[in-house]
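Heads up: the protein sequence lines correspond to chains A and B, in order. Residue numbers for the first sequence follow the working numbering, beginning at -19 and rising by one. Residue numbers for the second sequence follow the working numbering, beginning at 136 and rising by one.
Errors might be hidden in some of the hints.
[What the hints assert, rightly or not] According to the in silico footprint, chain A covers these stretches of chain B (three or more CB under 8 angstroms from chain A): (1) 388 to 396; (2) 469 to 483.
[Stated by the list, open to error] With a straight-line cut-off of 25 angstroms between C-alpha atoms, the simulated DSS-like cross-links for lysine-lysine are: (3) A:Lys90 to B:Lys489; (4) B:Lys506 to A:Lys119; (5) B:Lys508 to A:Lys90; (6) B:Lys508 to A:Lys119; (7) B:Lys499 to B:Lys470; (8) A:Lys109 to B:Lys506; (9) A:Lys109 to B:Lys531.
Hints were generated in silico from the structure; no laboratory data involved. Virtual Cβ for every residue (Gly too), placed ideally from N, Cα, C.
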Amino acid sequence: MSQLNDGNDDTRILNIVIVGTAGQGVITLKRLIEFIAAEEGYEGIFGSEMHGLAQREGAISSHCRLQKKKSENIRENIFSPTICYGDADLVIGFEPVEILRNAGQFASDKTTFVVNERTIPPILVTAGKETYPSLDEIKEMLVQYSHDPGHVASLNATELAITELDDAQKMNMIMFGFAMVTGLLDFTLETCETVVRRELRDADANMAAIRLGMERGRDVLKK
Amino acid sequence: MRFSPEVGKGNRFLFLGNEALVRGCLEAGVGFIAQYPGTPTSDIGETFKDILEQQPALSESIVHHWSANEAVATSSCAGAAWAGIRALNPMKHVGMNVASDALHAITLAGPNPGALVLVVGSDPGSLGSHHEQNERFFTWMHHVPMIEPHSPQECHDWIKLAFDLSEKYDLPIYFRTSTRSAHSRGIVDIDDIAVAPKSKGEFFRSTDKYCSLPPYAINNHVRLYERIERVTNDVPTFGLNTLYPGDAKIGIISYGIPFGYAMEALHQLGMDDVPVLKLGMTHPLNDDEIVTFIKDLDQVVIVEELEPFLQVNVREIAQKNRIIIPIIGGDAFPKFNEFSTGLVASVLAGITGKQPSPRIQESKDQFDSFKAKIPSRFPTFCPGCPERAMLMAIKKATNDLANPKTIIAGDIGCYVMGLNPPLRISDFIICMSGGLSAAIGLSKKTYDKIIALIGDSTLLHTGLPVIVDAIANDANVLLVVFDNRWVAMTGHQPPVGKGRIQFEPLIQSMGVQWIKTVDPFEVDKTVRVIQDGLNRDGLKVILCQRECTLMARRVYDAERRKLKADKTPYACDTFQVYNCVLCEHCTQELSCPAMRRMIDEETGCTVMAIDEDRCNFCSVCYQICPHRRIKKTAINPHLETKLKLRRIEPQ
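With the rest of the complex left out, here is chain A (with noise of 0.2 angstroms):
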């Protein structure tokens, strides 16, 4: 029996894996989304970052925890920063197989992957000594999750963000912009674009990537 509250209303609480490698962006992005929720009025936001092992090629993962309304039944509110294991709504893969080691266990039936498709080989996997598995395989097992292909979305964001934006840097920006579209984050564009003015420095160039992001992230969801 199980007595999450997966309802439609208010208080219902939205999770979000943010995963990645360092240094690819991951945390600038989890900040990005509880500062927009923040403006937006929400009134749960709790979520885990990961710091100590900064740009360091390590496998790097953020939970980011939303909700809009809290329940008058104090129990049905945030309480842990991390999520449970298969409740994720949505995860935001910025690297293919970081998205199998770390949000492989908090996905189910109900969860969303976008995915950036460019690979940051490991070491091993450069010296030969262990196999990075095809991305169509990839997008083969997180579509096992909730047997929906539509539940799996790719877009090579960092090739976009090097060839379009000339900053491979923008990659982040880009994903955000495919996950807005998937219509799970109900924030408004006007309210990113005060939020990214405020917090982040090169605002134009962030707001172009958002964009560019959900433009190419609606033909791939067209599809």
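Could you slot chain B onto chain A? The hints should help.
Chain B alone, transformed into the frame defined by chain A:
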């Protein structure tokens, strides 16, 4: 803005636990902060540093130190407290091992007339540390009250209370966070910055209070028992412990982040009727408070990470009060690694016979079905890291550590990552400066060559006395000092005395005869210097001098952006692989993450390639490729303006 006196009561911000704690300290009138950086507390100091930069007027009254080590920091804080100042001393869990010696004497004396609050960042799961350790037992040993917050709001509110309690009871307060509570963000209602920190205090001589030696040693020990007993009696008045009522006959006692897991696990199991006692003060416990909670229960479950601490204390109270019920904790939960909601739900389900959400099992089954296909990913050196280049040179100089047979004494810093495959270069790691220390013993009792590794910050933390010891005892060791100008592993704090301490004359003055400086990006020369050093007797030192590439790259990128904005053309070097024969030399010896194994589209052959957006142009792969298949391409070589990584930050 969030840390400004202009905002106060009625304002609400999203804060990380550590940020909330800093805001609370400002509101409490903190005047002195000293710490050695360590995850998850480094950003407390960084935040203070930023605040002092942005509000220079505050520097009159607030002083922040990056200290040489944790014991120095704790004693510095005691000094400030003894001048009547409110002092804050953050450290990571293993920092408490170093600070413990100082803390014991300081606790016997007491921090009055000022206050001393330690923030100890624990790390269950070893998310940003070399190992896990339950340092809560220090509070028991030293008789120091311990507060453990759950949310950023509690970090904010309770750190203020901690200063008040420290002042009131003349005891240091042990404010224990964890990687999760320090680095989780939540909504915080702030207060006014009401208490102005004193710019200077005054020290009043009191030999019997501050000198815990005979004849005062026993008196202070007696006085310590009196102080901690007063705290024990007053615990219920602090408002730190909260009861979440329920009618069930099973009850939960927890604290901090594990309390969050327990609450969500109970809800998921349909057990909202289970009473939960959330302890904000986890040492000392108040007997009456515990007895009131457990006396009508059939069973108590203690949800706590690592070694059972609360469980032992609650059992003692139950036994004293003749309450005979199962008090379950470390016997049902793992005594290692961090917990999660899913784990707590599974254990509680096992204890109560309830069913956890089916999603937990489905998710686990699905994950298990592909787990074996996930390639491992170790943290490793960044592309272009000078430490990787140096470790590779050591392997070259010793024919892969075999000829001469060479033992590598590792230490704490980025270079620990050398232990991971494929480099595998660190034979043991103990603690800060433990590498050279153990090397002294090894050098006396083996015939092997020994190379000890140490970073600049670790050397200044505890390494200098070890050099003295190695010289005094004629140890035969080659010491490599990574002088990269940053405490890089913990997020680039400046090492103590940055720029003011010159390693070469310092080490020479200690009696080291042979000391050489190398640039690890000059591979052949570095290898020759290592071989030369290994052939000599006594303690030899190589200063491996190259700024952390991440920091040098930041400067490089800033210059590049400026040149681009000014439309000034510039020269630079790039590196590419041509006609790779896949000899694997670079992947095995260097294993740089900017290298990628891929299929050449024209030939269909597997080749190595360099990811241009990740390469930091150290040129080491270019120098070592035995088939000369890595080419350096000079862009605009005729131009005078040339961009390259600076070797070291100008003094």
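Each hint tested on the structure:
A count of 4 residues in the region 388 to 396 of chain B with a Cβ less than 8 angstroms from any Cβ of chain A is obtained; the coverage claim is therefore met, three being the minimum. Counting residues of the region 469 to 483 of chain B whose beta carbon lies closer than 8 angstroms to any beta carbon of chain A gives 4, which reaches the threshold of three, so the coverage claim holds. Simply put, A:Lys90 and B:Lys489 have alpha-carbon atoms about 23 angstroms apart, close enough for the 25 angstroms limit, and the pair holds. Among the hinted pairs, B:Lys506 with A:Lys119 is consistent with the structure: their alpha-carbon atoms are about 14 angstroms apart, no more than 25 angstroms.
A threshold of 25 angstroms between alpha carbons decides the hint, and for B:Lys508 with A:Lys90 the separation of about 23 angstroms falls inside it, so the pair holds. Annotation: proposed proximity of B:Lys508 to A:Lys119 holds, straight-line Cα distance about 13 angstroms (limit 25 angstroms). For the hint pairing B:Lys499 with B:Lys470, the CA-to-CA distance comes to about 21 angstroms; that is within 25 angstroms, so the pair holds. Of the supplied pair hints, the one linking A:Lys109 and B:Lys506 holds, its CA atoms being roughly 17 angstroms apart against a limit of 25 angstroms.
Taking the CA atoms of A:Lys109 and B:Lys531, the gap is near 21 angstroms; set against the 25 angstroms cutoff, the hint holds.
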